[in-house]
Amino acid sequence: AQKVTQAQTEISVVEKEDVTLDCVYETRDTTYYLFWYKQPPSGELVFLIRRNSFDEQNEISGRYSWNFQKSTSSFNFTITASQVVDSAVYFCALSGTGGFKTIFGAGTRLFVKA
Amino acid sequence: GAGVSQSPSNKVTEKGKDVELRCDPISGHTALYWYRQRLGQGLEFLIYFQGNSAPDKSGLPSDRFSAERTGESVSTLTIQRTQQEDSAVYLCASSSDGYQETQYFGPGTRLLVL
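Chains as they are written, first to last, in the numbering used here: chain Y, 3 to 116; chain B, -14 to 99.
Same shape as in the complex, but just chain Y (with noise of 0.2 Å):
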């Protein structure tokens, strides 16, 4: 069976620091995709990122980025230097060769202060 943690329910951080939203992932396929979404406050759920199996280089965008790690069978995701707009709800999802369904982890809410 496929399942995603996040296991942090809610992050609040202030302004300017820097936030890692973690993601742990169950699979017993050997070829399966990550990826991460944002659902910010107006509810429109935006792609962020998406990770196959094979590639375990991490991966920098801007303010973020990315450590895909098989050993531990985690994706985390960090922010630096946050910033008000990124205050949303992140979700960590997987999708595998063992069914159709893409499974979504619980979210993680966060909170950035000015």
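The hints are simulated quantities; they were obtained by calculation from the structure and are not laboratory data.
Please note: incorrect hints may appear among the correct ones.
Claimed, not checked - Partner residues are not named here, just some residues of chain Y that face chain B (Cβ under 8 Å, in silico):
no., residue
1, Val26
2, Gly98
3, Gly107
4, Gly109
To be verified - With the C-beta cut set under 7 Å, the calculated list includes, among others, these residues of chain B facing chain Y:
no., residue
5, Gly27
6, Leu28
7, Asp41
8, Phe50
9, Ser51
10, Tyr84
11, Gln85
12, Phe90
13, Pro92
Unchecked claim - Cβ pair distances, simulated, as ranges:
no., chain 1, residue 1, chain 2, residue 2, range
14, B, Val59, Y, Thr74, 22 to 30 Å
15, Y, Gln59, B, Thr61, 39 to 47 Å
16, B, Lys0, Y, Pro42, 30 to 38 Å
17, Y, Gln59, B, Thr55, 37 to 45 Å
Each residue gets a CB set at the ideal place from its N, CA and C atoms; glycine is no exception.
We have chain Y already, so just place chain B on it with the hints.
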């Protein structure tokens, strides 16, 4: 280009009535997904379409829920004899192929059953 659109954006109905929710995917996207998101919760998978067939309906919560898709186009999610626990945001997403591709989400339909 146009994104995923959903209609209506909001729907208020009385318990026991039937409702139809519509999703227009991104043109050319063969895969289409329906999710349910209760207030403050994560995404709950309902059904997946590849073309007009539904290889995975495992998330439909009861036989009151059904969905159809016309070719690689519009999909309709129907809830019969609505119950108060059906109140949620219903999200539709499409992707260019199957599970390995990024899903792009619509704005959702907020359903309130009184």
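Checked hints:
| no. | hint | result |
| --- | --- | --- |
| 1 | Val26 | 15 Å, violated |
| 2 | Gly98 | 7 Å, holds |
| 3 | Gly107 | 6 Å, holds |
| 4 | Gly109 | 5 Å, holds |
| 5 | Gly27 | 4 Å, holds |
| 6 | Leu28 | 4 Å, holds |
| 7 | Asp41 | 4 Å, holds |
| 8 | Phe50 | 15 Å, violated |
| 9 | Ser51 | 17 Å, violated |
| 10 | Tyr84 | 4 Å, holds |
| 11 | Gln85 | 5 Å, holds |
| 12 | Phe90 | 4 Å, holds |
| 13 | Pro92 | 5 Å, holds |
| 14 | Val59/B / Thr74/Y: 22 to 30 Å | 42 Å, violated |
| 15 | Gln59/Y / Thr61/B: 39 to 47 Å | 41 Å, holds |
| 16 | Lys0/B / Pro42/Y: 30 to 38 Å | 32 Å, holds |
| 17 | Gln59/Y / Thr55/B: 37 to 45 Å | 41 Å, holds |
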